[in-house]
Amino acid sequence: MIIGGFQDSKLSNSQTDMIEVKNIDKSFDGNQVLKNISAVFEDGKTNMIIGASGSGKTVLMKSIIGLHRIDNGRIEYDGRNLPDMRMKEIRILRREVGMLFQGSALFDSLSVLENVMYPLEMFSPVSKEEMEIRARFCLKHVNLEEQSFKLPPSEISGGMQKRVAIARAIALQPKYLFCDEPNSGLDPKTSLIIDRLIHDITVEFNITTIINSHDMNSVMEIGENIIFINKGEKAWEGTKEDIFHADSEELNNFVFASELYKKVKIAHQ
Amino acid sequence: MNIFQDAGKYVLLMKRVLVFPDRWRMFFRQFPKELEKLGLQSLPIVIIISVFIGAIMTIQTKLNTENPLLPAYSTGLVTRDTLLLEFSSTILCLILAGKIGSNIASEIGTMRITEQIDALEIMGVNSANYLILPKIIAFVVMVPFLVIFSMAVGLIGGYFVGVFTNIITTADYLLGIQYAFIPYYVFYSLVKSLVFAFLISSVAAYYGYYANGGALDVGKASTNAVVNSSILILFFNLLITNLMLN
Ligand SMILES: Nc1ncnc2c1ncn2[C@@H]1O[C@H](COP(=O)(O)OP(=O)(O)OP(=O)(O)O)[C@@H](O)[C@H]1O
Ligand SMILES: [Mg+2]
Numbered sequence: 001m002i003i004g005g006f007q008d009s010k011l012s013n014s015q016t017d018m019i020e021v022k023n024i025d026k027s028f029d030g031n032q033v034l035k036n037i038s039a040v041f042e043d044g045k046t047n048m049i050i051g052a053s054g055s056g057k058t059v060l061m062k063s064i065i066g067l068h069r070i071d072n073g074r075i076e077y078d079g080r081n082l083p084d085m086r087m088k089e090i091r092i093l094r095r096e097v098g099m100l101f102q103g104s105a106l107f108d109s110l111s112v113l114e115n116v117m118y119p120l121e122m123f124s125p126v127s128k129e130e131m132e133i134r135a136r137f138c139l140k141h142v143n144l145e146e147q148s149f150k151l152p153p154s155e156i157s158g159g160m161q162k163r164v165a166i167a168r169a170i171a172l173q174p175k176y177l178f179c180d181e182p183n184s185g186l187d188p189k190t191s192l193i194i195d196r197l198i199h200d201i202t203v204e205f206n207i208t209t210i211i212n213s214h215d216m217n218s219v220m221e222i223g224e225n226i227i228f229i230n231k232g233e234k235a236w237e238g239t240k241e242d243i244f245h246a247d248s249e250e251l252n253n254f255v256f257a258s259e260l261y262k263k264v265k266i267a268h269q
Numbered sequence: 001m002n003i004f005q006d007a008g009k010y011v012l013l014m015k016r017v018l019v020f021p022d023r024w025r026m027f028f029r030q031f032p033k034e035l036e037k038l039g040l041q042s043l044p045i046v047i048i049i050s051v052f053i054g055a056i057m058t059i060q061t062k063l064n065t066e067n068p069l070l071p072a073y074s075t076g077l078v079t080r081d082t083l084l085l086e087f088s089s090t091i092l093c094l095i096l097a098g099k100i101g102s103n104i105a106s107e108i109g110t111m112r113i114t115e116q117i118d119a120l121e122i123m124g125v126n127s128a129n130y131l132i133l134p135k136i137i138a139f140v141v142m143v144p145f146l147v148i149f150s151m152a153v154g155l156i157g158g159y160f161v162g163v164f165t166n167i168i169t170t171a172d173y174l175l176g177i178q179y180a181f182i183p184y185y186v187f188y189s190l191v192k193s194l195v196f197a198f199l200i201s202s203v204a205a206y207y208g209y210y211a212n213g214g215a216l217d218v219g220k221a222s223t224n225a226v227v228n229s230s231i232l233i234l235f236f237n238l239l240i241t242n243l244m245l246n
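Chains A and B supply the protein sequences, listed in that same order.
Taking the numbering used here, the leading residue of the first sequence gets 1, the next gets one more, and so forth.
Taking the numbering used here, the leading residue of the second sequence gets 1, the next gets one more, and so forth.
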């Protein structure tokens, strides 16, 4: 039963919710965007996909969840291959997925509260009152104030929209959480709050989280398992500590583009 | 993209649209909104256009057929039959294709480019069915009323000519619009309008649903929706007329 809080049955769940991506290719009209990418995304961790703008992060993320159909390769959710699933099975799998889109993607015909209630109304058997309690719980969890609940998304700030989108993504207690650039367009302080929020939710509820980012601050803050995409190819993987000792030239060009991180690197050595 | 690919993609989309909703509750929450937006909100334009066309047709018919040999009822009769056969179905739907088609295509197109459709899909919702079916059904349900309304208002427009000018007498006009009335014409018009309503709403939804890029592409999608549904209306008009009036 879902009331205010999260179900705790999931925590005792022994099966792993890893996602394994094996040798995937994806092209649009002859333009190959993803080239032979393999990776493992572990549960209870904030897995990060980093790379420059246009390197293919969004396409990779949308391919993993099947919004884009890949050309070759396997995408395994706990051993089940997504490209082999039928639409019905994919829909069922997706009920366990929450996603935060690059532009928030809130439904503009619904209020903030209705946006968070939407997935509940679609898929959970509980009464309207319980849904509202649950939605309010999620909104409070992302530090949103009561007075914004009845507003349409267009009347709240970008940072608040992101938080509403996170609340919507976690409303159905997902096993998998996908975040496409959760802090693009936010000031450094709000970015940090959002990053920590995602990280805390991941650990608290043992979610398999994948985050797209090109923001080095986020990487240093919450990156646990990082893959670096360069022009559609995986050019490096490791942890945030490894970054300072990486010998990948592309990665170094990406990470140490700013003076600040050059200094951090020197301090590290 | 060529016309066959478009047609194929359209058919595949309709296969996803024309199924029973996962959640009837959500369907019935959207449906009344669409009835209002696509039906009721079209009434003002239907009234304005129909009353003017009814009046203008009466005046022109009368002036262009100035012949003592023609019976007094001919003007009213021509006005009525033109309204019943073509204006209140085909021409009205062409006008509505502009209003409704661009509205549907831009609404769905905006949801596409702002990733709202992806968000629905991620939740495991059949977005095509959820977004498009209420629109198609609402418009198909409303269109017969709009057509009947347009016929009535058009006839009243013609009557105003008799009242406010001395081009035709109200007596002649009233005689004409009642003379040799064929109810089948109304049925024929309603059948056409149902087909047109389906075309307008589904074609517009198709262009919106597959919009990709930015705001400019939403504009393109709604232009495509209006142009192509208009062409289809004309084509199906010919087809149905052949089937039903021959
Ligand atoms: N639907 C599509 N059709 C055709 N090409 C696409 C499509 N989506 C993405 N691409 C191409 O794929 C490449 C990678 O795009 P993607 O959006 O994944 O980049 P990104 O790494 O997310 O960049 P950013 O950080 O700016 O969001 C781009 O060159 C883009 O033009
Ligand atoms: Mg992106």
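To be clear, the hints were calculated from the coordinates, so they are not data collected in a lab.
Careful: at least some of the hints might be erroneous.
With a Cα cut of at most 20 Å, we get these calculated EDC-like pairs of lysine to aspartate or glutamate [unchecked claim]:
1) A/Lys88 - B/Asp22
2) B/Lys33 - A/Glu121
3) A/Lys88 - B/Asp217
4) A/Lys128 - B/Asp22
Here the structure is a predicted model, which is why all the values come from computation and not from measurement.
Structure-based check of each hint:
1. Distance restraint check for A/Lys88 and B/Asp22: the Cα-Cα separation of roughly 12 Å lies within the 20 Å cut-off, and the hinted pair is therefore satisfied.
2. A hinted pair counts as satisfied when its Cα atoms are at most 20 Å apart, and B/Lys33 with A/Glu121 qualifies at roughly 18 Å.
3. For the given pair, A/Lys88 sits about 31 Å from B/Asp217 by alpha-carbon distance, which is inconsistent with the 20 Å threshold.
4. Between the alpha carbons of A/Lys128 and B/Asp22 the distance comes to roughly 18 Å, so the proposed pair stays at or under 20 Å and holds.
Hint check: a violation occurs at hint 3 only; the rest are consistent with the structure.
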